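There are 2 protein chains.
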Amino acid sequence: MINKLVANIQKTNAPIVVGLDPMMKFIPKHITDKAFAEKGETLEGAAEAIWQYNKGIVDAVYDLIPAVKPQIAMYEQFGIPGMVAFKKTVDYCKEKGLVVIGDIKRGDIGSTSAAYAVGHLGKVQVGSKSYYGFDEDFATVNPYLGSDGVNPFIDVCKEEKKGIFVLVKTSNPSSGEFQDKVTDGRPLYEIVGEQVNKWAESCMGDSYSYVGAVVGATYPEMGKVLRDIMPKSYILVPGYGAQGGKGKDLVHFFNKDGLGAIVNSSRGIIAAYQADAYKERFAPENYADASRQAVIDMQMDIAQALGN
Amino acid sequence: MINKLVANIQKTNAPIVVGLDPMMKFIPKHITDKAFAEKGETLEGAAEAIWQYNKGIVDAVYDLIPAVKPQIAMYEQFGIPGMVAFKKTVDYCKEKGLVVIGDIKRGDIGSTSAAYAVGHLGKVQVGSKSYYGFDEDFATVNPYLGSDGVNPFIDVCKEEKKGIFVLVKTSNPSSGEFQDKVTDGRPLYEIVGEQVNKWAESCMGDSYSYVGAVVGATYPEMGKVLRDIMPKSYILVPGYGAQGGKGKDLVHFFNKDGLGAIVNSSRGIIAAYQADAYKERFAPENYADASRQAVIDMQMDIAQALGN
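Each protein sequence line maps, in turn, to chains A and B.
Start counting at 1 in the first sequence, then tack on 960, and there's your number in the numbering used here.
Start counting at 1 in the second sequence, then tack on 960, and there's your number in the numbering used here.
In isolation and in its complexed conformation, chain A is listed as follows:
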């Protein structure tokens, strides 16, 4: 699947992943009105609105981008109906040829991590049959529990030719509280990065590994160091746009081959119609067109930054 991700990026010339992180406040009124009319102001109504909203965005941008990253929390908060909307979104995006990165940030130990891996990337055994649960292409994984938590994911990745992105240095302001703690003269995130590199070497695709890393756009200098520590890992870069990361900050996350990083934008794309830059040009009814324009603008911003 890392090969497909790289191929999709080369085909679209856009190292961009759209974060499908729907919040009710992003969804245009005409969509929520219709969903609530059909299913009431219920969890099912919210899930229907989310699904229709996502579908509109995906239909508008799928030819421009290699991948999407649905954030499962935004669905999970609506209980079972929300999880159904997550699954529908995953399936629909795959039908459209997109690589789906499940932003699930799971991580546990042994058989428990194996269950997460099986549920999101692999097949679960039921009697004599086996089934895919959520069936994303990639998943994000939290490394705090160490190798016991990550290895079960790697085992499933090898079997299914899928991949993971391990949290190394996250984009949020407080990420340094624990991740930056200096030990043996180096910050913890570097030590995690070195471990990611070991995992990465154990399961290579054609040019990049099934095992990638998450490093926030908001920490470009750390990104530079981590790029060198993990040469074979794709870096998933959150924090561009709404969180403050800019195109010029992204240069260090890429390798000399122009590959090696994929930059996420969530609300900057999916709620573009609400942003100052777009709201005069796009009415709420045309939210998907605004998303398309925002993808085009983001692609240009990154291309310019990488060109320099």
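Read the hints as simulated data drawn from the structure, not as lab findings.
Please read all numbers here as calculations on a predicted model, not as lab measurements.
There could be a bad hint or two in this list.
Any copy, or any two copies together, can satisfy a pair, since identical chains are not distinguished.
Claimed, not checked - Here are the simulated lysine-lysine pairs, DSS-like style, with alpha carbons at most 25 Å apart:
#, residue 1, residue 2
1, Lys985, Lys1118
2, Lys1158, Lys1048
3, Lys1089, Lys994
4, Lys1118, Lys1184
5, Lys1048, Lys1083
6, Lys1047, Lys1083
7, Lys1089, Lys989
8, Lys1083, Lys989
9, Lys999, Lys1083
10, Lys1056, Lys964
11, Lys1089, Lys985
12, Lys1047, Lys999
13, Lys1054, Lys1083
14, Lys1047, Lys1121
15, Lys971, Lys1056
16, Lys1192, Lys989
17, Lys999, Lys1048
18, Lys1083, Lys994
19, Lys1206, Lys1089
20, Lys1083, Lys985
21, Lys1089, Lys999
22, Lys1118, Lys1083
Using the hints provided, position chain B relative to the given structure of chain A.
Same frame as chain A, but now just chain B:
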């Protein structure tokens, strides 16, 4: 809810939480046969088997224990039907008066962590109405992303009078890879523990805080240090039994008031009928009776250890 947890522990005189972590290999054949006959060898069939298996155990032990801890991964691996079985299990245990600790190990940042908190402990807004998604009483939380990831949970805990257990030192062999790294002369888990103590002081129940910690039974010396660092936090102690932790290892996790820790056992209880100690006395059809006996034996083991 921490007050209810303490009251339940005092009432039962059992600082025990039963981990409802069903695996297909634990479920007696008479249950899977019936479930598959009704719903086929499908995800729905597996979910039905899990639910019936859980219900049998809960019915057999609920009067002896204060709390249960369903591990969501074991349900999530079966996709949407698995999540439905998780929710049914949560609701049923609450009906029986048990405190439900959702072992979800979620953790993200800002609005995303808020969504997890809302989905598992709080209410989500849908138009003019609001709904509980999964509605556990407590959740386990991964701290790797720092305060940005934990504070949204604390906000919901204050509103709902619910609680969290933050991963500090996990029970698995590789937990030391990152958690034990020494920084400023102290291991990372102590620094996390100090942060937990700060969070804990900000939201107190009557005698203990809404904010607890996870510290593995397999590391009793570290438990002793962490007990002192976090005097107001309940410690959820995994790793007893199948993972190697013994009754005598548990002493240091408790405060002088005899409270402050709750010890988890999962397969040691729920699959007791398969264990050498019980399999001659209990047939698979009597798996729930074996679980009851295992709870009684565990309670005695801990009482003896604490009595010494």
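Do the hints match the structure? See the list:
no.	hint	in the structure
1	Lys985 with Lys1118	between (39 Å within a copy, 24 Å between copies)
2	Lys1158 with Lys1048	neither (35 Å within a copy, 41 Å between copies)
3	Lys1089 with Lys994	between (39 Å within a copy, 16 Å between copies)
4	Lys1118 with Lys1184	neither (28 Å within a copy, 40 Å between copies)
5	Lys1048 with Lys1083	both (18 Å within a copy, 23 Å between copies)
6	Lys1047 with Lys1083	both (15 Å within a copy, 22 Å between copies)
7	Lys1089 with Lys989	between (43 Å within a copy, 16 Å between copies)
8	Lys1083 with Lys989	between (38 Å within a copy, 22 Å between copies)
9	Lys999 with Lys1083	between (32 Å within a copy, 19 Å between copies)
10	Lys1056 with Lys964	within (13 Å within a copy, 50 Å between copies)
11	Lys1089 with Lys985	between (42 Å within a copy, 14 Å between copies)
12	Lys1047 with Lys999	both (19 Å within a copy, 21 Å between copies)
13	Lys1054 with Lys1083	within (17 Å within a copy, 31 Å between copies)
14	Lys1047 with Lys1121	within (20 Å within a copy, 32 Å between copies)
15	Lys971 with Lys1056	within (14 Å within a copy, 57 Å between copies)
16	Lys1192 with Lys989	neither (44 Å within a copy, 46 Å between copies)
17	Lys999 with Lys1048	both (17 Å within a copy, 22 Å between copies)
18	Lys1083 with Lys994	between (36 Å within a copy, 23 Å between copies)
19	Lys1206 with Lys1089	neither (48 Å within a copy, 38 Å between copies)
20	Lys1083 with Lys985	between (35 Å within a copy, 16 Å between copies)
21	Lys1089 with Lys999	between (34 Å within a copy, 13 Å between copies)
22	Lys1118 with Lys1083	within (13 Å within a copy, 39 Å between copies)
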